[in-house]
Amino acid sequence: MSTFRQAAATADVAWRSRAADQVLDSRRRRRYRVSTFVMVLVVLVVWSVQVTIIDDTDWERMGSLQSVLAAAGEFLAVDWALFPSLAGPAVETLMIACLGTLLGVVICVPAAWFGALNITPYKPVTYPLARLMMTLSRSIHEIVWALFFVAVVGLGPLAGIFAIAVRSVGFIAKMSAEAIEDIDHGPVEAIRAVGGNGFQVMLYAILPQVLPQVLGVIIFEWEINIRRSAILGLVGAGGLGLVFFRQLNTFNFAGVTAVIIAILALILLGEVLSYFARKAVI
Amino acid sequence: MPILEVRELRARYTSSGPEILKGVSFEVEADDFFAIIGPSGAGKSTLIRCINRLVEPTAGSIHFYGTDVTTLPGRQLRILRRDIGMIFQEFNLINRMSVMDNVLSGRLGYTGNVRTLFRAFPRADIERALELLQRVGLQDHVDKRADELSGGQRQRVGIARALMQGPRLMLLDEPTSALDPKISREVMGLIKTMAEEFGVPCLCNIHDVRLAMEFCNKIIGLQDGVKMFDGPTGEMDQAKLDQIYAMEVL
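If you're matching them up, the sequences are chains C and A in order.
Quick note: the first sequence, position 202, residue 202 per the numbering used here, numbers continuous.
Quick note: the second sequence, position 81, residue 81 per the numbering used here, numbers continuous.
Keep in mind the hints are simulated off the structure, nothing from the lab.
Certain hints may be false.
Stated by the list, open to error - Computed Cβ-Cβ distance ranges for the label pairs, DEER-style:
#1 I261(C) / R96(A): 38 to 44 Å
#2 V144(C) / R145(A): 43 to 49 Å
#3 V109(C) / A124(A): 30 to 36 Å
#4 K144(A) / A280(C): 19 to 25 Å
Fair warning: this is a prediction, and the values are worked out from it, not measured in the lab.
The C-beta atom is built at its ideal place from N, Cα and C for all residues, glycine as well.
Chain C on its own, in the form it takes in the complex (with noise of 0.2 Å):
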């Protein structure tokens, strides 16, 4: 009997020291695994500070951290005699927002017909199409939109209005789409039940349905456009980035205040704006 339990005592103290072992194996090898990730990690920071900063920073123009300093200070004066020459350019990047958004908006009616599963036309074409034209407006920057429309139509609003235009056609459609998805399907079996045409149900049933929500994705996409038509001077279709782009070109950085204060004001102004229109619309 005793003999047993020395056995097993024997036996318990051997596999003790064996599972020991393989626990502190096991820490052994996580910690090589983790401590080679974070030299990789370090070495791939090094050489990427190395190559982007330390390569590529113009380090004699930068000078001391004192012309460092000074340089940023001169962002500090704001340029107040500016302003009064500012109020056409602020206009007409509100009138970009609006009339960009309003043409985007009318370039949805088919983006959203098409592009809602429910009453899509012929679905194997129309559909992929109209996915199609919200993906591309959405994954092209509106940057990138309006150096294609400068290129196509020149210089000026025009090009920001389309840039404006097509970049929010992603966002209205996609949304409107999907609010028509989800709608009540008894007013449209009413609207057919009477002898209605397609255009009748989508007027009756579906449009005072979806339009609420619509209304507000529309005033929402309105206020991000506003910030949008501010930066889009900045490669020549109109509006205060234009004369931002002047005033950094000409090194008077405090027009360049100037001009964000006024941009900070038109986008503060947008979102009052919208804040009632949206109450106004629920």
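Use these hints to put chain A onto chain C, whose structure you have.
Relative to chain C, chain A alone:
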């Protein structure tokens, strides 16, 4: 001479799916108020939706005043639908529009796209809508939005919309299922009175057998897409009802 003749009507929603209607035939006379009863899933809704082709039948024929409904192309189908009023279980009103606009929507089949866009209905339509609203007891709610009304009131709008078409047949799809028993009786009474007054035959899906026996002069019993009974209300008895609803007991 029956105004509606349904012959061997079959319907399925997908080519591989189950057959919902398995060869149903019946006839409706000019002064009939037909009840279609049967357990859930028997095909009652599908049957009446085949008549104005909200659902496309797969086989069989439907003759409405001598015209075969099943073969009509788009525009003629819409002209046919103008003659068939429909009242729905869930009312199917345009919630964000006024009671008046909802009733006027019954005239859309007669209204061009431009008039529709501006909601420019002729004065005669508006006067008729007002008259119907008075008849269904909603003269004080003309400008209210449809979603402000109670269930019973909404179905009254539904009745006015259907009658606004000047229909020659009315399809009623469970018109009282969403209403409480007292309002159900009132609404059925109103439909019956109006149908008699305007001389419109009715075809009414209904699962409340007592309402069916009370208001309808003929009954069709449907079970699993097959007609089990067709005859005057007087000939319906408990044994036949048990047979029609046998599936539910099991």
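Quick check: does the Cβ-Cβ distance between V144(C) and R145(A) fall within 43 to 49 Å?
holds (45 Å)
If you check the beta carbons of K144(A) and A280(C), does the distance land in 19 to 25 Å?
Given a distance of about 21 Å, which is inside 19 to 25 Å, the answer is holds.
Falls inside 38 to 44 Å, the C-beta gap from I261(C) to R96(A)?
For I261(C) and R96(A) the Cβ distance comes to about 42 Å; the hint holds.
Range agreement (Cβ of A124(A) with Cβ of V109(C), hint 30 to 36 Å):
holds (33 Å)
Checked against the numbered hints given earlier, the structure satisfies every one of them.
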